[in-house]
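Taken in sequence, the protein lines are chains W and X. In this text, residue positions in the first sequence follow this note's numbering: the first is 7, and each later residue adds one. In this text, residue positions in the second sequence follow this note's numbering: the first is 69, and each later residue adds one.
Just so you know, these hints were derived from the structure itself, not from any lab. It is possible that some hints are incorrect.
Below, in silico cross-link-like pairs of lysine-lysine (PhoX-like), each with a Cα-Cα straight-line distance of 25 Å or less [said to hold, decoys possible]:
| # | chain 1 | residue 1 | chain 2 | residue 2 |
| --- | --- | --- | --- | --- |
| 1 | X | 167 | W | 215 |
| 2 | X | 167 | W | 20 |
| 3 | W | 215 | W | 189 |
| 4 | W | 198 | W | 215 |
Ranges of calculated distance between the beta carbons of each label pair, as one might list FRET restraints [claimed, not checked]:
| # | chain 1 | residue 1 | chain 2 | residue 2 | range |
| --- | --- | --- | --- | --- | --- |
| 5 | X | 329 | W | 32 | 42 to 52 Å |
| 6 | W | 150 | X | 329 | 30 to 40 Å |
| 7 | W | 22 | X | 263 | 32 to 42 Å |
| 8 | X | 198 | W | 21 | 39 to 49 Å |
| 9 | X | 218 | W | 146 | 34 to 44 Å |
| 10 | X | 329 | W | 199 | 34 to 44 Å |
| 11 | X | 309 | W | 199 | 47 to 57 Å |
| 12 | X | 105 | W | 215 | 53 to 63 Å |
| 13 | X | 255 | W | 21 | 39 to 49 Å |
| 14 | X | 193 | W | 151 | 34 to 44 Å |
| 15 | X | 74 | W | 43 | 46 to 56 Å |
Where a beta carbon is used, it is the ideal one built from N, C-alpha and C, also for glycine.
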Amino acid sequence: MIRVAVRSVAKKYKIYPHRWGRLLEWATGNRYTAHTPDWALRDISFEVGDGECVGVIGMNGAGKSTLLKILTGTTQPTEGSVVVTGQVAALLELGLGMHPEFTGRQNAVLACQLMGLEQTVIDECLPWIQSFSELGEHMDQPVRTYSTGMQVRLAFSAATVVRPDVLVVDEALAVGDAYFQHKSINRIRSFKEQGMTLLFVTHDAAALKAVCDRAILLDDGRLLRDGPADAVFDYYNAMIAQKEKDAEIEQRVDGGGRTVTRSGSREAEIVAVELCDVAGNVRRAFRVGETATIRYRIRIHRPMQIPTVGFLIRDRLGADVFGTNTYHLGIAPQQCLPGDDLAASFEVTLNLGPGHYSLSASIHRGPVHVDGNFDWWDRAAVFEVLPSGLYSFVGVAALPTRATVDVLSAARNSRAAEGVGCGGE
Amino acid sequence: MLTDLWHYRSFVLGMVRREFQARYLNSVLGNVWALVGPLSTIIIYMVIFGSIMNARLPGVSDRLAYGIFLCVGVTTWAMFAEVVHRCLGIFVEQANLLKKTRFPRLALPLIVLLSAAVNFSILFGLFLLFLVATGRFPGWPVLALLPFLVVQQSLAVGLGVALGVVNVFFRDVGHAVAVLLQLWFWLTPIVYPQQIVGESVRRLLGLNPLTHVVLAYQEIVLRGTWPDWSQLLLPALCAAVALAVGVLAFQRLSGEMVDCL
């Protein structure tokens with residue numbers, strides 16, 4: 007039996023540029039349009055049957071919460087229709103409609119009443135709610151004294167006190183600790199075996215795969231994928247990789263990027279990055295002007311041309327100091343196969359000022375990592391550049407310098423002072 | 069719609085009970101405060117008009133008559149104003165519930181109406197006891213209060229729901245209504261008897277549906293006679309229109325309402 011039928015649902019939020027906008031629309035009987043439409047959902051259609059558990063995934067702002075709100079009937083779709091048959095219980099966002107001044111018990115009663123339960127049934131259920139939520143004597147304290155985890159425990163216990171026909175959960179469970187998450191997922195599973203339908207928003211792959219057999223992926227208000235949970239979630243992961251990479255480009259422009267982040271499609275993967283001296287010993291410190299070798303170990307997961315391998319040295323503040331890649335260095339592409347391991351290395355003379363530096367490693371398809379990022383590993387290694395002891399200078403770069411000073415006096419026969427600096431030979 | 073509300077009766081009754089508790093639970097004197105507000109109003113008017121200005125109702129020699137006259141008007145007005153005012157703000161006030169749970173939205177004005185009815189019953193019950201104690205109980209005509217009360221509260225709910233829905237979109241409505249309610253209070257012969265105003269003003273008061281309702285209350289309680297039923301006509305008509313407008317506004321706008329909270 008079809009429990010949830012969503013047909014061509016669209017949801018438009020109206021954004022008004024000024025306060026008079028809506029008044030003008032009302033006054034002119036909607037002949038004048040002041041708002042700009044913001045489509046949170048567009049043309050969504052799917053059906054969910056008895057006992058089916060569907061994960062709803064997508065990035066922030068993809069429309070997941072809006073979809074669940076429409077399913078539970080808290081907000082109306084602008085277009086299309088939603089038919090949900092049977093008793094619906096919902097855990098939407100945080101707070102869950104609880105009254106902060108009332109005690110946990112009073113809120114539990116309120117939640118039960120909102121599900122339309124009879125008072126006698128509620129009285130029977132309260133001890134169960136208290137024990138399942140493990141709130142103990144906190145049950146009679148005002149909810150404003152609760153931690154978010156406690157609120158979620160209470161809300162989940164109240165929402166699942168009797169088996170609903172359809173349970174809608176919006177990320178709320180992610181707030182609870184691992185123990186309660188486990189407990190609640192077990193409860194959901196046992197309900198599922200009894201034929202309950204579940205719609206579940208989550209970012210947690212483990213939770214999704216544990217309970218859902220099917221997933222739908224929303225992106226920018228549209229239904230992008232609807233299929234087996236595993237496949238849809240993998241597709242979603244690839245999608246985030248794309249976005250994460252974009253976010254990182256932003257970060258690089260800002261000159262920030264102090265955290266270790268790794269992104270990319272992982273069609274090829276950096277297994278290890280090492281910094282060595284010319285003798286091949288792994289080192290963390292080099293002298294100014296010393297030559298270092300950056301060694302990569304890369305694994306290929308998909309047939310491809312040899313990818314572009316690159317590195318980027320950043321200073322203590324995260325500003326780019328120097329970076330290049332095999333494309334720019336003229337390495338010819340050749341074919342590689344899944345399972346191939348590549349060893350790549352760069353020999354670079356560290357003409358850098360003394361200080362701390364980080365090394366970011368990347369492999370990508372084209373000349374720059376914006377296009378087809380396989381793996382981007384921020385701060386894959388850190389190293390220090392020590393003064394060489396030969397001569398002193400300031401700044402981030404050690405530029406090879408030659409100095410001459412001539413005394414231009416007729417009185418003495420021209421005698422020159424000469425000095426050579428820097429850069430090694 | 070009504071079957072939905074019936075299905076959610078335990079929620080409605082629970083909310084009424086909680087609201088009553090929440091209002092007085094954290095105060096030492098508890099429910100006493102439910103009475104102090106309206107009582108103080110009555111005492112102030114009695115002192116100012118009754119003693120200082122030495123007001124007497126025309127044609128009534130009873131010294132308590134003016135006080136009783138006031139009580140009838142003020143208590144019923146208080147309930148009317150409470151329902152309008154609370155309905156006006158109820159959707160904004162319960163934004164959290166509206167956004168996160170599904171229940172028939174009309175349960176909210178119903179909760180307001182029932183809470184107001186509880187408060188009114190306490191106050192008016194005490195007032196009736198006072199009438200019995202002082203030997204002024206009007207007898208059977210007291211039953212005639214009921215249809216007038218029903219009409220008056222229907223008007224309040226209709227207006228309150230219509231304005232409350234609009235208030236979600238334009239919060240100005242809330243401020244405007246507070247001012248207009250005050251004006252309305254003085255345009256109703258609650259504090260002063262209708263006879264003391266001039267003919268032209270009296271015609272103006274006649275356009276106010278609440279004038280007829282209040283006159284009927286005063287007649288029933290002060291004179292102990294059955295009211296003139298034709299007085300129910302205009303208020304009932306207004307109440308029907310207000311309810312229709314309220315339901316219409318609710319149906320047209322309640323879908324969009326949640327998006328604005």
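Hint check results:
Between the alpha carbons of residue 167/X and residue 215/W the distance comes to roughly 29 Å, so the proposed pair goes past 25 Å and is violated. Restraint check for residue 167/X and residue 20/W: satisfied, since their Cα atoms lie roughly 17 Å apart, inside the 25 Å limit. For a cut-off of 25 Å, the pair hint linking residue 215/W to residue 189/W stands: about 16 Å separates their Cα positions. Simply put, residue 198/W and residue 215/W have alpha-carbon atoms about 14 Å apart, close enough for the 25 Å limit, and the pair holds.
For residue 329/X and residue 32/W, the Cβ-Cβ distance of about 18 Å falls outside the hinted range of 42 to 52 Å, so the restraint is violated. Between residue 150/W and residue 329/X, the C-beta spacing of about 21 Å breaks the proposed range 30 to 40 Å. Checked against the given bound of 32 to 42 Å, the beta carbons of residue 22/W and residue 263/X, roughly 52 Å apart, lie outside it. A beta carbon spacing of about 57 Å between residue 198/X and residue 21/W contradicts the range 39 to 49 Å that was offered as a hint.
For the hinted restraint 34 to 44 Å between residue 218/X and residue 146/W, the CB-CB distance of approximately 40 Å keeps it satisfied. Distance hint check for residue 329/X and residue 199/W: the Cβ-Cβ separation is about 38 Å, which falls inside the suggested range of 34 to 44 Å. In this structure the hint that residue 309/X and residue 199/W lie 47 to 57 Å apart at CB holds, the actual value being about 55 Å. Here the CB-CB span from residue 105/X to residue 215/W is close to 59 Å, well matched to the stated 53 to 63 Å.
Between residue 255/X and residue 21/W the beta carbon distance is about 41 Å. The supplied range of 39 to 49 Å therefore holds. Checking the proposed 34 to 44 Å range against residue 193/X and residue 151/W shows it holds: the Cβ atoms sit about 37 Å from each other. Roughly 38 Å separates the CB atoms of residue 74/X and residue 43/W, a value that falls outside the hinted 46 to 56 Å.
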